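Chemist: Letter by letter, the chains look like this.
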Amino acid sequence: MDGSNFIKPSRRDFFTKIMPACTAAFLTGGNFFSKTYPVPLQEDLQSKHMFDTKIDITRRQFYAFTGRSDIALINTFAEALGKERVIELLKEHTYNRAKRNGERFRKRYGTNDFETFKTRFIGPNSYTETLIIAEIIENSKNVLEIKATECVIAEEYLKANAGDFGYAYCCWGDHCWQDGYNKKIKLFRNKTLMQGCDCCNFKYVLEE
Amino acid sequence: MKNLNHTQTGRREFLIKTVPACALTCAFGKDIFGMIPGIMQQETHMFDQEFTRKLTYRQYLQSIHRFFIEFAQAAQQKFGKEETIALIKKMATESNLERGEKQAQNSKDRSLKSYTRMFADTKSWEPMIKMEVVEDTETAFELKVTECIQAAVFRDANAADIGYARVCWGDYAWAEGFNPNIKLVRDKTLMQGHDYCNHRYVWQG
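The listed protein sequences correspond, in order, to chains A and B.
Positions 7 to 214 (my numbering) are the ones given, in order, by the first sequence.
Positions 2 to 206 (my numbering) are the ones given, in order, by the second sequence.
Treat the hints as calculated values from the structure; they're not laboratory data.
Just so you know, not all the hints are guaranteed correct.
Claimed, not checked - Capping the alpha-carbon separation at 25 Å, the derived lysine-lysine pairs in DSS-like fashion look like this: (1) A:60 with B:91; (2) B:91 with A:97; (3) B:124 with B:91; (4) B:131 with A:97; (5) A:60 with B:131.
Note that the structure is predicted; figures quoted are calculated from it, not measured.
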């Protein structure tokens, strides 16, 4: 009898052992089991070239890697050829790139209307869901006003003390994109995070 | 006593109720708790989330180099091809000298063996690079690289000259930064259109 009592745990004993395990599973279950997801499928690895397997990377990491490489190149050119010349080249390049992207967007959607233009900023995979933390100040028939308070690209350029290059490379394109899409859409903006302001105050107006 | 016994559950009953609950938690914990992330941890900042559609390594490298290639091509037109390539090589040399020096500071010594240790586990370079060790002695270490994602991306963009200056040229400075007695000898690269890269690191001490 003594021996049997020794190996049989009491109900209280049972509670004190099982409950913590259940609690731990409850509290950390989500994290623990989600860890099994990023493992690449064997099928995926076997059927694709190794360059075409998926990479785990956050947006911040992506723009940090990209930014570092680009900023190093821009700085090298600026040291050798002068900052003004490089900014001029950057703006020229940005204009061409942004205009081309505007044209592609117009052809892809088969329209140049203002509502379709807005989907760049509002909705799934738009800038406000990927690149900037922003609030919509006005969204009307002819106006789209957005206040952006964080920008993942500006973060990287400002960290490298290269905001002026970042402005020429990135923000400048916001003025040029419409040239390829619809020239009646005008951007009015006098603040950008890239220039060290507390926000970017985009105001797109469709002139009729 | 009778009332007390009535409210208490038996051990068997307790197990019957508890074990399935634990099993369910184990099986579906991720799905159930994943729906309420705010309870367990603060919501991840948008910038620290992964892309909705995951990139492949190739897409990632294409995106990273897109601006670099376009800007370098624009610079070639404006300032001349030779000057542009020379500047990119200068950039690659400076950054890789520094990289090699930093690496040496974190190594136990500056021997050839210490430098080439990073290449020894060739599998760890996949899926970016596929290579094999051809020779590994006290005075020479040779690699044969048969696939390189950088070469694939730059060559696909018709920018092998820019890629060679940006990526391959820095390999010389990287070894030199680690120890000037380590010399890279190479006359073939995938970037230049050869069928493999023949990196050979030679100890000249």
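Chemist: Of the numbered hints stated earlier in the document, which are not met by this structure?
Modeler: Numbers 1, 3, 4, in rising order.
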